[in-house]
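K.L.:
Read off the chains here:
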Amino acid sequence: MQLNRALAAVTAFLLPLAARAADVSAVAPEWLPLTVGVFAVMIAATLYVTYVAAKRVRSASDFYTAGGGISGLQNGWAIAGDYLSAASFLGIAGLISLYGYDGFMYSVGFLVAYVTVLLLIAEPCRNIGKYTLSDILAYRNDPRLSRVFGAISVITVSTFYLTAQMVGGGVLVKTLIGIDYEVSVITVGILMLAYVLFGGMVATTWVQIIKAVLLVIASFVLVMLVWTPYGFSLPAFMSDVVGDAKVQARVASLLGDAAKSMTPAELGQRFLEPGLLYKVPIDQISLAMALVFGTAGLPHILMRFFTVRSAQQARKSVLWAMAIIGGFYVLTLFLGFGAAKLVGPANIAAVDAGGNMAGPLLAQYLGGGADSLFGNFLLAFVSAVAFATIVAVVAGLVLASASAMAHDLYVGVVRAGHDVPAGEQVTAARVATVIVGALAIGIGIAAKGQNVAVLVGLAFAVAASANFPCILLTLHWRRSNTGGMVAGMLVGTIVAVGLTLVSPNLTYPKLVRAAAHKVLDAAPAKRAAIAAVMANADGAANAVIVKARKDQAALDKAVAKAEADIKKVEGQETSFMGLEKPLIDLKNPGIISIPLGFLAVILGSLVFNDRRAEAKWNELYARQNTGLLVNTASKH
Amino acid sequence: MQSTITVDWDAVIADPRFQTLHRKKQLFLSGLMIFSIVYYFALPVGAAYFQDFFKIRVWGVLNVGLLFALSQFVVAWLLAFYYERKANAEFDTLARDITADHLKTGG
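Protein chains in written order, with this note's numbering: chain C, 66 to 701; chain Z, -6 to 100.
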């Protein structure tokens, strides 16, 4: 069978790639065979699932939504698998380990977002949608315009998210096991293509379920190892964290001069208090808005609700997803603070400045350290889960983009009015998958070394400012119509992207240079001061000299960084947008762009006259509330 | 697929039971939604503007801010659970009645 051969070819191509490891990595070279073995088992399991799933994909409905035959429980796990990206899995544990309270606060929004999804979006979407976000918009609004604008928005949001995942994934795999960046991007891309192309939504769902289960198991094991010594007492564990010298030293270095008058106990306690990471309150609130409203507009999450049979199952999926996602984020509390206490913030930041290696390093430590079999097995396991995470999230994103391209743009616009045969629909979906997959790999390689963290925030911001107002008001507001939908999509997307382009997120060479020169200019005076302390310290306590040496080392580091920064922006005068300095102070556009998105939908609807939107209101409203005529899944 | 079944949507909307369902759902959902938003945004607002309150130690080294952040999980779960029970017990029953009748008369 053709499929067998194709999957065998994929496997044959991937194994030598996985074995080809370079020199620098978190895993020591002698333990690489173990790591590769764990990876191979995981990849083999997902490819087997794909092989089984591929036999079941016959129609467009099978390809896009697994024929609507996924259960609420399965879908809950798959949503968790789709949502818990590498950024949330590794990133949040890392943020907690480096910044304490602020890192944990960040994770809360990811769970609360699902209350919005549950109450306003999941069930109506199941009741009136078919395969894509545009299906919902097109129900009342002009179908052609809905499909064009819906598809553009889906592809925009997914591309931002996808680029962040590909780049983040490439860097991650390189840091963990030392495979070249390009090789790991291509590996992720090809594996993901194998799942989506052959297995469609059925395989994608199962890959997401497998990943989520592995992720929960891995985290649970680590938390048990961290927490058991404290007899499962939260105050006992936390008091040990704040009493740790490594944690106190971290807080002292974050606070700088302000820390001088604080006792060690106060410094440790400060780790559990807000303000170590977020300095601009309004930015934090803006980010919270994008998280809570953006999740409900993420196309790859919305798409998951079309895979279940009924509104009841959609509701059940969100409940399961909330239990799993919330449970996971509670575990990150222990992973993050545990890593801070056991590994130490300085050691975590030394491997990766963003803290992404906190989880894996904690795993290695808990298993017995860098020289132990169990330590390296745990590290390999966590690394394999991280890899599965990237592949699963990317698969969901590619499927969402491909469905927008094939179902909305090709079947809905190009071939509008024709009765497109089932075979052609599946072919279109597969062709779109290959196009999107190839683009994802290309973008991933092209964006090497770029700071892509801003892209995840941007994806959430566009989803919250364009998709969310359009979907919410189409579903729940009688007067909403095509004019509002077009206005909302345009204004939401343009404002969110535009504000980000003039925000402090971009690099401003002149500001970088000025900051670096300030450090360099101040350095000689500081150096002299330290030298004076050292010279006069003859009779003084040993602590004074130790401190002076520390200051000296910190100064050397700051100077080296300033020199590197100047070199990086050499010959550049303005940011990517041609600006010398940011036009706004906000890093997250949500607080401006979300209200403007809503305003655009409302004004656009009031100005525009649309008979179809009015005529279809009763039908849409009755259907979304009762589930009348909801597509029933064909039994396999 | 469904072209053989037609439903008179205006009749569904006019059905008093649908109006009841609509009213109950709207009230319940907006109440829950507003509560959820207020409760959640109290966290970033509190962390930014009421830091002294968030720093008060309550349970060993655990302070108000940390316990409040943890309470967000419990509250989100309770809200979801409460909605599910209400929807299963009340909204679904109403919706099923309406659906059954209107599919019959529509056929």
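Read the hints as simulated data drawn from the structure, not as lab findings. We put the CB at the ideal spot given by N, CA and C, even for glycine. Heads up, a few of these hints could be off.
[Said to hold, decoys possible] Cβ pair distances, simulated, as ranges:
| id | chain 1 | residue 1 | chain 2 | residue 2 | range |
| --- | --- | --- | --- | --- | --- |
| 1 | C | Lys513 | Z | Gln12 | 57 to 63 Å |
| 2 | Z | Ile27 | C | Ala503 | 31 to 37 Å |
| 3 | C | Leu664 | Z | Phe46 | 32 to 38 Å |
| 4 | C | Ala587 | Z | Trp52 | 24 to 30 Å |
| 5 | C | Val611 | Z | Leu60 | 35 to 41 Å |
| 6 | Z | Phe74 | C | Val609 | 35 to 41 Å |
| 7 | Z | Ala82 | C | Ser318 | 50 to 56 Å |
| 8 | Z | Asp90 | C | Ala503 | 37 to 43 Å |
| 9 | C | Ile500 | Z | Arg89 | 41 to 47 Å |
[Unchecked claim] Covered stretches of chain C, as calculated for chain Z (at least 3 residues, CB under 8 Å):
| id | region |
| --- | --- |
| 10 | 385 to 391 |
| 11 | 577 to 587 |
K.L.:
Now look at each hint and say whether the structure bears it out.
P.N.:
Checked hints:
1. C:Lys513 to Z:Gln12: 57 to 63 Å: Once the Cβ atoms are compared, 59 Å apart, the range 57 to 63 Å for Z:Gln12 and C:Lys513 holds.
2. Z:Ile27 to C:Ala503: 31 to 37 Å: violated, 46 Å
3. C:Leu664 to Z:Phe46: 32 to 38 Å: Once the Cβ atoms are compared, 34 Å apart, the range 32 to 38 Å for Z:Phe46 and C:Leu664 holds.
4. C:Ala587 to Z:Trp52: 24 to 30 Å: The hint (24 to 30 Å, Cβ to Cβ) is violated, given that C:Ala587 and Z:Trp52 are roughly 44 Å apart.
5. C:Val611 to Z:Leu60: 35 to 41 Å: About 38 Å separates the Cβ atoms of C:Val611 and Z:Leu60, which means 35 to 41 Å holds.
6. Z:Phe74 to C:Val609: 35 to 41 Å: Distance hint for Z:Phe74, C:Val609 is violated at roughly 59 Å.
7. Z:Ala82 to C:Ser318: 50 to 56 Å: holds, 55 Å
8. Z:Asp90 to C:Ala503: 37 to 43 Å: Taking Cβ atoms as reference, Z:Asp90 and C:Ala503 lie about 51 Å apart, which means the hint is violated.
9. C:Ile500 to Z:Arg89: 41 to 47 Å: This hint holds: roughly 43 Å between Cβ atoms.
10. 385 to 391: Our answer is that it holds, as 3 residues pass the Cβ test (under 8 Å) against chain Z, meeting three.
11. 577 to 587: violated (count 0)
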